[in-house]
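A.B. asks: Just so you know, the sequences run in chain order A and B.
Take the first sequence: its position 320, counting from 1, is numbered 319 in numbering that gives the first Met the number 0, and each next residue is one higher.
Take the second sequence: its position 25, counting from 1, is numbered 24 in numbering that gives the first Met the number 0, and each next residue is one higher.
Some hints could be false.
[To be verified] To spell it out: a stretch of chain A is covered by chain B in this simulated footprint if at least three of its residues, at any positions, have a beta carbon under 8 Å from a beta carbon of chain B; those stretches are:
1. 203-209
2. 224-236
[To be verified] Pair by pair, the computed Cβ-Cβ distance ranges are:
3. ARG49(A) x GLN127(B): 29 to 39 Å
4. ALA72(B) x GLN334(A): 43 to 53 Å
5. GLY177(B) x PHE316(A): 50 to 60 Å
[What the hints assert, rightly or not] Sample of chain A residues with no beta-carbon within 10 Å of chain B, all distances over it, derived:
6. PRO143
7. ILE146
8. ARG169
9. ASN177
10. THR262
11. VAL288
Keep in mind that the hints were calculated from the coordinates and are not lab data.
Virtual Cβ for every residue (Gly too), placed ideally from N, Cα, C.
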Amino acid sequence: MTSIAAKENDDTELLADDQPQGRLARLARLQALQIVLVLALIIVVFAVLRPTTFLTPFNIRGIVVNTSILAVLGVGMTFVIITGGIDLSIGSVLVFSGVIADKTMLLMGGKGWGTAIVGIVVACLCGLGWGLINGVLIARARVPPLIVTLGTLGMALGFSQIITGGIDLRDAPDVLVNSVGFGNIVGQIPTLSVIALLVVVLGGIVLHRTRFGLYTFAVGSNAEAGRRVGVRVDRHLIKVYALAGLVAGFAGILNLAFFQSTTISGQSNTNLNVIAGVVIGGTSLFGGVGSIFGTVIGLFIPSVLQNGFVILGVQSFWQQVVVGAVLIGAVFVDQARRAAALRGSSLQFPFLSRFGSGSRKVNR
Amino acid sequence: MTLLRATGLVKQYGHVKALNGADFDVAAGEVVALIGDNGAGKSTLVRMLSGSEQPDGGQILLDDEQVRLDTPAAARRLGIETVFQDLALAPHLDPVQNMYLGREIMRPGLLGRLGFMDTAAMRAGSRQAFEKLGATVRNLSGEVGSMSGGQKQGVAVARAAAWVSKVIFLDEPTAALGVVQTRNVLDLIRRVADEGIGVVFISHSMPHVMEVADRVQVMRQGRMVATYRAKDTNMEQLVAAMTGAFREQEAK
Numbered sequence: 000m001t002s003i004a005a006k007e008n009d010d011t012e013l014l015a016d017d018q019p020q021g022r023l024a025r026l027a028r029l030q031a032l033q034i035v036l037v038l039a040l041i042i043v044v045f046a047v048l049r050p051t052t053f054l055t056p057f058n059i060r061g062i063v064v065n066t067s068i069l070a071v072l073g074v075g076m077t078f079v080i081i082t083g084g085i086d087l088s089i090g091s092v093l094v095f096s097g098v099i100a101d102k103t104m105l106l107m108g109g110k111g112w113g114t115a116i117v118g119i120v121v122a123c124l125c126g127l128g129w130g131l132i133n134g135v136l137i138a139r140a141r142v143p144p145l146i147v148t149l150g151t152l153g154m155a156l157g158f159s160q161i162i163t164g165g166i167d168l169r170d171a172p173d174v175l176v177n178s179v180g181f182g183n184i185v186g187q188i189p190t191l192s193v194i195a196l197l198v199v200v201l202g203g204i205v206l207h208r209t210r211f212g213l214y215t216f217a218v219g220s221n222a223e224a225g226r227r228v229g230v231r232v233d234r235h236l237i238k239v240y241a242l243a244g245l246v247a248g249f250a251g252i253l254n255l256a257f258f259q260s261t262t263i264s265g266q267s268n269t270n271l272n273v274i275a276g277v278v279i280g281g282t283s284l285f286g287g288v289g290s291i292f293g294t295v296i297g298l299f300i301p302s303v304l305q306n307g308f309v310i311l312g313v314q315s316f317w318q319q320v321v322v323g324a325v326l327i328g329a330v331f332v333d334q335a336r337r338a339a340a341l342r343g344s345s346l347q348f349p350f351l352s353r354f355g356s357g358s359r360k361v362n363r
Numbered sequence: 000m001t002l003l004r005a006t007g008l009v010k011q012y013g014h015v016k017a018l019n020g021a022d023f024d025v026a027a028g029e030v031v032a033l034i035g036d037n038g039a040g041k042s043t044l045v046r047m048l049s050g051s052e053q054p055d056g057g058q059i060l061l062d063d064e065q066v067r068l069d070t071p072a073a074a075r076r077l078g079i080e081t082v083f084q085d086l087a088l089a090p091h092l093d094p095v096q097n098m099y100l101g102r103e104i105m106r107p108g109l110l111g112r113l114g115f116m117d118t119a120a121m122r123a124g125s126r127q128a129f130e131k132l133g134a135t136v137r138n139l140s141g142e143v144g145s146m147s148g149g150q151k152q153g154v155a156v157a158r159a160a161a162w163v164s165k166v167i168f169l170d171e172p173t174a175a176l177g178v179v180q181t182r183n184v185l186d187l188i189r190r191v192a193d194e195g196i197g198v199v200f201i202s203h204s205m206p207h208v209m210e211v212a213d214r215v216q217v218m219r220q221g222r223m224v225a226t227y228r229a230k231d232t233n234m235e236q237l238v239a240a241m242t243g244a245f246r247e248q249e250a251k
């Protein structure tokens with residue numbers, strides 16, 4: 000009980016990074032911070048090449064606005080991927096929520112805030128509904144997340160097309176378009192981006208500061224360990240997918256306000272773009288690791304590249320090439336890190352198995 | 000005083016009778032080693048007594064009262080903790096988060112209800128628990144997955160020891176460890192028992208068994224075939240009991 004000092008001979012090398020430095024060292028090792036450097040480098044290169052056009056308030060505003068809706072989606076996706084799962088349905092859920100919200104607002108008539116608020120609530124509820132369907136099928140019916148969300152991707156998009164006959168609706172109330180869609184809070188600061196920032200900050204607090212966030216990491220890290228200590232793993236997974244659906248629904252109304260259209264055929268790559276951003280930002284597809292901050296940075300990289308290439312006059316198709324390379328590089332770094340940390344444990348793509356990392360064992 | 004007692008436990012998996020009327024008991028402050036050849040039913044017995052699985056027959060008594068251990072959570076509520084061979088730690092969480100996973104200390108008032116945890120209190124509690132056991136976990140904010148086998152074992156045992164009030168089960172706690180780390184775990188076992196906890200550990204290592212156990216219970220073919228005071232027995236006797244080569248010389 001008292002002889003603590005006598006027991007310090009075990010693994011001296013690990014004692015080296017002790018409390019104060021331990022936290023810092025851990026921070027430096029975060030992939031999110033490495034990716035900040037990559038983003039900074041890209042910005043510096045464009046700024047040097049086009050000093051007069053790239054770093055102007057107008058251009059920066061454009062980049063930020065273009066990333067805002069993806070960032071909202073990224074919050075939900077980060078939670079899902081940390082559990083070791085995946086959600087392919089978010090783009091379709093966004094469209095579906097926009098379509099239902101549009102129809103509802105049209106039925107109500109009116110162009111004021113009353114209608115707009117009903118539209119926002121309806122969009123969020125639609126998203127929540129799809130998220131719950133995903134979650135229940137994954138956690139209770141034990142269908143792999145990749146398959147469940149591939150299925151709901153098709154279903155949500157199909158229903159949207161059935162309801163609209165495939166023709167985009169454009170009935171967002173003016174108040175919504177003028178404020179959220181185009182408006183600025185002050186000066187050149189877009190309302191849309193401020194809303195997205197609020198979602199991001201809220202998501203970050205929930206993920207990194209609350210028990211809900213801790214359980215999200217725990218489920219992705221070792222679901223069986225969680226189960227043994229009484230964490231309701233299935234219920235938590237349902238909540239996480241519900242959250243991803245909810246933010247996708249909210250993104251649906253933002254999207255409707257911004258584009259003044261339900262963009263039915265414009266969201267087929269949204270899921271993959273968001274997943275790419277999340278993964279570039281250091282969230283591991285194997286579960287247990289990730290951050291909202293990283294996701295935001297990871298989403299900015301494609302946006303900045305796109306914008307920079309346009310300004311440079313490079314064919315913007317190059318953006319896809321570069322983003323693809325960055326994505327592979329990010330996963331490579333994650334793999335290497337894992338291999339070093341968990342030597343001997345078998346690596347597999349968890350979202351192809353039952354649900355996320357549920358079947359994965361802790362290394363012995 | 001006997002803390003936990005099981006009588007006539009039966010468990011059948013298909014055609015295999017893993018437990019065939021096994022008896023078992025452990026007293027407060029006592030270290031009991033559970034030994035036996037592979038397939039003797041040691042792990043099965045521990046799974047029954049830790050609530051992971053239910054026996055097909057027999058009784059389990061805690062403090063002389065019959066109890067049902069339907070789930071690990073039910074066993075934990077009764078003060079029974081188990082450290083399984085795979086340790087059941089979340090490798091990406093730090094020792095503090097692992098220590099309190101599922102039993103977080105929440106902030107008081109509204110913040111707590113919103114899901115905010117009192118990380119300072121949990122950190123302090125973990126530090127205290129590790130120090131009490133002399134577990135060599137110094138870096139409280141590193142990922143458990145990147146720690147050595149001994150440190151992981153330390154976290155798992157300290158977690159069980161921090162929450163236990165009656166009996167702690169350790170399934171082969173030294174199987175994957177080096178010499179120094181094994182030393183630490185054996186010391187740790189002794190210290191937990193000194194707190195008045197009943198400690199039960201499964202081991203294949205006779206020297207470890209002889210060293211820390213007060214009593215050795217030998218299993219063979221799903222039954223408890225012998226029980227010895229550790230200081231009155233020797234390795235030959237234990238091996239004989241395990242392999243069935245002994246004549247009915249059940250020592251007490």
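A.B. asks: Evaluate the given range 43 to 53 Å for the C-beta pair formed by ALA72(B) and GLN334(A).
C.D. replies: 35 Å, violated
A.B. asks: Between GLY177(B) and PHE316(A), does the beta-carbon spacing fit 50 to 60 Å?
C.D. replies: 56 Å Cβ-Cβ, so the 50 to 60 Å window holds.
A.B. asks: Does the claim that ARG169(A) lies outside the interface with chain B hold up, using a Cβ gap greater than 10 Å?
C.D. replies: 39 Å, holds
A.B. asks: Is the Cβ of THR262(A) farther than 10 Å from every Cβ of chain B?
C.D. replies: At roughly 34 Å from the nearest Cβ of chain B, THR262(A) sits farther out than 10 Å, so the non-interface label holds.
A.B. asks: Do ARG49(A) and GLN127(B) keep their Cβ atoms within the hinted range of 29 to 39 Å?
C.D. replies: 58 Å, violated
A.B. asks: Is it correct that the beta-carbon of ASN177(A) has no partner in chain B closer than or equal to 10 Å?
C.D. replies: Holds: least Cβ distance 34 Å, greater than 10 Å.
A.B. asks: Check the non-interface label on ILE146(A): least C-beta distance to chain B beyond 10 Å or not.
C.D. replies: The claim stands: ILE146(A) keeps its Cβ more than 10 Å from every Cβ of chain B (closest is about 25 Å).
A.B. asks: Using C-beta distances, would you say chain B covers the stretch 203-209 of chain A, given that this needs three or more residues below 8 Å?
C.D. replies: With 3 residues in contact (Cβ-Cβ under 8 Å with chain B), the coverage given for the stretch 203-209 of chain A holds.
A.B. asks: Okay, the stretch 224-236 of chain A and chain B, do three or more residues pass the C-beta test at under 8 Å?
C.D. replies: Coverage by chain B holds for the stretch 224-236 of chain A (6 residues, Cβ < 8 Å).
A.B. asks: Determine whether the non-interface label on PRO143(A) survives the test: each CB of chain B must be over 10 Å from its CB.
C.D. replies: Nearest chain B Cβ is 21 Å from PRO143(A), so the label holds.
A.B. asks: Is it correct that the beta-carbon of VAL288(A) has no partner in chain B closer than or equal to 10 Å?
C.D. replies: Label violated. Min Cβ-Cβ 6 Å, cutoff 10 Å.
Checked against the numbered hints given earlier, this structure breaks hints 3, 4 and 11; the rest are met.
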